[in-house]
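Enquirer: Chain residues, written in single-letter form:
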Amino acid sequence: MTARLQVRDLVVEYRTRDGVVRAVNGISFDLHRGEILALVGESGCGKSATALAMLRLIPDPPGRIVGGEVLFDGLDLLKADDAQIRAVRGNRIAMIFQEPMTSLNPVHTIGDQVGEPLRLHRRLTRPAAIARSIALLGTVNIPHAEARIGDYPHQFSGGMRQRAMMAMGMACVPDIIVADEPTTALDVTVQAQLLDLLKHQVDTHGTSILLITHNLGVVARYADRVNVIYAGRVVEAASADALYARPTHPYTIGLLRSVPRLDQPATETLAPIEGQPPDPLDLPAGCPFHPRCPLATAQCRREPPPLRAVGDAHHVACWVAAHG
Amino acid sequence: MGRYIIVRLCHAAIVLAVVTVLVFVIARLIPGDAIMAAMAGSVDMSDASVVKTVRATYGLDEPLPLQFLTWLERFVTGDWGTSLGTGEPVLNMFLSRLPVTLELFAGATLWSLAIGLPVGLIGALKRNSGTDVVLTAGALLGVSLPSYWEAIVLIYLFAVLLPILPPSGYVPFAEDPLLNITSMILPSFVLGTHSAGLLARYVRGSLLEVLGQDFIRTARAKGLRERSVVIWHALKPAMIPIVTIIGLSWGGMLAGAFFVEVIFALPGLGRMSVDAIFQKDFPVIQATLIAVSVNVLLVNVLVDILYGYLDPRVRIR
Amino acid sequence: MTGNCKRVLGACGVALSIGVASPAVQAQAGDPSILDQAWAIWDGADKPVRGGYLRLAAPQYIGKMNPNHWPVLDWVSMGYVHDKLVVTDGSYNPTVPWLAQSLTQDDPTTVIMKLRDGVTFHDGSRFDASALKFQIDWIRNPKSAAWSAGWLAPLESVEVVDDLTLRWKFKHPWPGFAGIVANVPGYALSAKALREDADAYDSQPKGTGAFMLEEASPGNFLKLKRNPNWWFAKASGRPDMPYFDGIHVSVIPDPAVRLANLRAGKLDILTLDKSQYAVVKNDPNLVVYRQPINHVVALRFNTTKGVFRDARVRQAISLAIDRKALIAGTQFGLGRIASALYPEDHWAHNPALNPVPYDPAKAKQLLAEAGFANGLTIRGYYNATTMGQTIAEAIKNMLAKVGVTWQVDLLAPVAIAARLKERDYDLGEGGWQFIYDPDLAATGLYHPDGGFNFGRSDNKAIVALIEAARREVDHKKRQQLYWDIEKALYDDYQDAWLWWEEVVTAHRKSIKGWNQERMTKYKEVHFWSHPLWFKDGRP
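Chains as they are written, first to last, in the working numbering: chain A, 813 to 1136; chain B, 66 to 382; chain C, -16 to 522.
All the given hints hold, so there is nothing to weed out.
Below are the DMTMM-like pairs computed for lysine to aspartate or glutamate, each with C-alpha atoms no more than 25 Å apart in a straight line: (1) 206(C) with 241(B); (2) 891(A) with 291(B); (3) 208(C) with 241(B); (4) 206(C) with 240(B); (5) 47(C) with 144(B); (6) 301(B) with 924(A); (7) 379(C) with 342(C); (8) 307(C) with 327(C); (9) 307(C) with 342(C); (10) 345(C) with 293(C); (11) 288(C) with 392(C); (12) 379(C) with 305(C); (13) 191(B) with 894(A); (14) 116(C) with 100(C); (15) 404(C) with 127(B); (16) 460(C) with 89(C); (17) 175(C) with 139(C); (18) 518(C) with 223(C); (19) 116(C) with 89(C); (20) 257(C) with 500(C); (21) 301(B) with 872(A); (22) 152(C) with 142(C); (23) 191(B) with 825(A); (24) 347(C) with 474(C); (25) 126(C) with 144(B); (26) 301(B) with 963(A); (27) 208(C) with 240(B); (28) 443(C) with 293(C); (29) 116(C) with 180(C); (30) 301(B) with 911(A); (31) 30(C) with 223(C); (32) 126(C) with 127(B); (33) 175(C) with 198(C); (34) 470(C) with 328(C); (35) 460(C) with 328(C); (36) 191(B) with 893(A); (37) 384(C) with 293(C); (38) 191(B) with 872(A); (39) 47(C) with 182(C).
Because the hints were derived from the structure by calculation, they are not lab data. Treat the numbers as computed from the prediction; the structure is a model and nothing was measured.
Let's have the full structure, built from the sequences with the hints guiding it.
Expert: What follows is the structure in structure tokens.
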């Protein structure tokens, strides 16, 4: 079965005062119907840039999509014309952003903003859109939705704002929802509620979710498949179960070790990964992880490793770990 | 909201009271014998008794606190004294000149918006393009051009070379609406271009700042065309600081209005104020300073109220 | 002038009729006492035509319209509305009977004034002896707050002799009397209006002038309309005068904008800024004239304090100034080099005096003699206008060339007044404007009691001459006294007189009746007796 979305060799650069940064350095993945795919990595590893690039939302200047393909429904979104990409945005592929306070327009009501995609893509009248928005707010468990539809974003709590954003994203029943750090600003219980809502979408409509996060706990619980991103590249791609059971890339191993676990003895210390994430202006030659890798070899320092299969739908980009 | 307004008005009243006393004292502290100096230009002063007569008429020999109380009592009841410079009752002077200056301000604000808003908008949307550079230079030019020179050039262009507008002067609207409007075109243009340049820069800056906000990205992610993003999502938040700037610029417009009123021979408040200052015309100076303070304070209060109205975040407190 | 019946008027030696010709005769033929005078010539190819409003501009609004109240800022408009008792002739001598038909010196302290018959104020009331007496008493009443009361100080009383005759009694001989009634106190104001509401007179004047108030918009414009009963029209036998239907004076503060208005056809006559002369004189639509006026521009020495007590130093300064270059460089060549205090066309001017030459070598020599061979630093002031700055800079440079450093402060009038009072200067801006009666300038500048002197000049001999001239009733003797005063001031280098002023006027070619030659010759009397008109009666 062909994937709903196919990203191939995506490269995104940012021009800064000090030079050109390659935020996304050849990322590829597939996203299937009814699947939750997590993109995991540290801040600045390029996962958000990947998501933005898919919908051509990279601000230009200073950013630029330099190469690659994003194939969706027979169309390369990177080469589509303006009308085509706009028809996809908010309609077939919707994005839910982190920081809901700044991602919502402070001078327009929640109702107007949630109903906007409906008016745009479904040509609903304002009253119809408002009615539909009230219903949507209901589905994301915002109480007294009818009374609150005329409120402004600052009158909602953080969690409610995020849910409103979610309602906005779900309004046109998109094929794909891209959720960029949807839970970062929220507390744990609210996080769970939101992610359950997303899961519900998947179950009822077969929506695909691209979940961008650095929260490994969330990934473990909700993701079907995981891509680990480091320095703009995919270093490990596997099912969630496989990733947690058999982490292969040294970076993945390091990540998992640095996360506290409930079943860990309290006396055991966390083991952070040695060193710092690489300076994006001055990426090391060869494998980007080699300066911090306990297994680094001469070849690692020379050549960046390709993704190679190490199991059933389990790929790793490592000279050492993917040996054989 | 009501309480908010009342608090602002109370602040304003206190400031006004302090200003009143300061104004009175400062006007009296000017060195030199004001009367003699003012009269010396127009009349032979070889007789000291002449000076004495005039001083007594204006009560300038009384002790200062008494002068202040007398003045305050009269001021509040509408007797603003008579001008030392022209002999008119100050209240009449003020009331007859107020509509001229108000009309000038209104016209200048209109020009300022008509030029500043589009220039700023285009500058923000076509940031760093050739058009933006040209427009930025134009805005700087508008701010830097001395209004005196600009005025004379325009008068010669449009009143002498191509006689389509009157070169100077003012006629009340009720008397001749067409002449009133045509007489105001050049003066309000000169006053307006000065702040248009500034306004354009503010609009550009404000709009650029708003366009960099996350909610603009959200709007684009919903599939809106760029034009809709700008008009529906960016303009309203961008205009909030602009509205306050326009309001606040009214306070500063009086200084620019002086030049324009002198050059175009408009009998307005700006000219009256500065003539009074040069002639050490106490009654007029006092009345004008208080009027100006009231104007600035009122505008500030209005701007605060307007801001609260426009920005829902401020409103609901 | 000889004879028991001393006459103050009649310099042309014509026996004056008392003006008792019947009104009917006057209406057709005019008054011989007017028509016999040298300036009473109205020839010219163009016939005057009535019609149109003359459009003028003034830098400031007139202010108060009672000439005895301060401030009055537009004396031209004042003269359109009010006539004076006496008017000055071409040498600024108050010899021309105007509303007063004759002034006769009865004895040294008494003058009999006969008034013209058939003159009415704008409110219809009659101009007669009792009206004039009321006015004079009103001026002298302190409650009237008339600043001009000071000018009438020598007056003891004014009495009505008959309907048209007044007896003026002075406390002492007062030769300056005619000059005073040719000036501010001599404007005839309607006694009826003063009686009814003297305060309202400031904005509702009722004179006898050629024009009366139509509409006043303070700060904006002044509109006057023709007085159909103007006495001079009848007296001159020209009942169509004045020819303009009215006069509209706009207030336009900026000189460049005034000129723009003239060129755009919105004004008819305009006094130009000197800087505009060169630009405008070749404009085909305009006629441009230069006119001498009775202002002297000078530098004032503090002769009683500091280095200028030494006359040699004063002389050196005067010699160090290149007057011709100064006029050329700062006045666009418009000005007449001055030799002394009174302008060359003024009767009090001593024609034997020549301007101080430009001789920097001699200046240095004199400075060395006085002990300043190595240079000298002096302090002073000049007015803070643009023109003042220009002149001060130029003079400063000229003085520097002979080793004199002039620390000149550019000050506002208030500050200058303070300096004068304290005599806190060596060299400052001097001069005098509107020189009519010579005593005003002489006393003001060189008598210790003078309003601008404060004792900075105190030459005993000159003071004595000034006081004598104030009392000398015989005009010829008085004139000689002023010539002597001028010479004494000149020999003593009491001040450095720079130039006598000129003004430049331009009018549109549609204005008719202007005779430059006679204007220069007869000045004030020519101006008021020869109203202008529009070609075809339209602007």
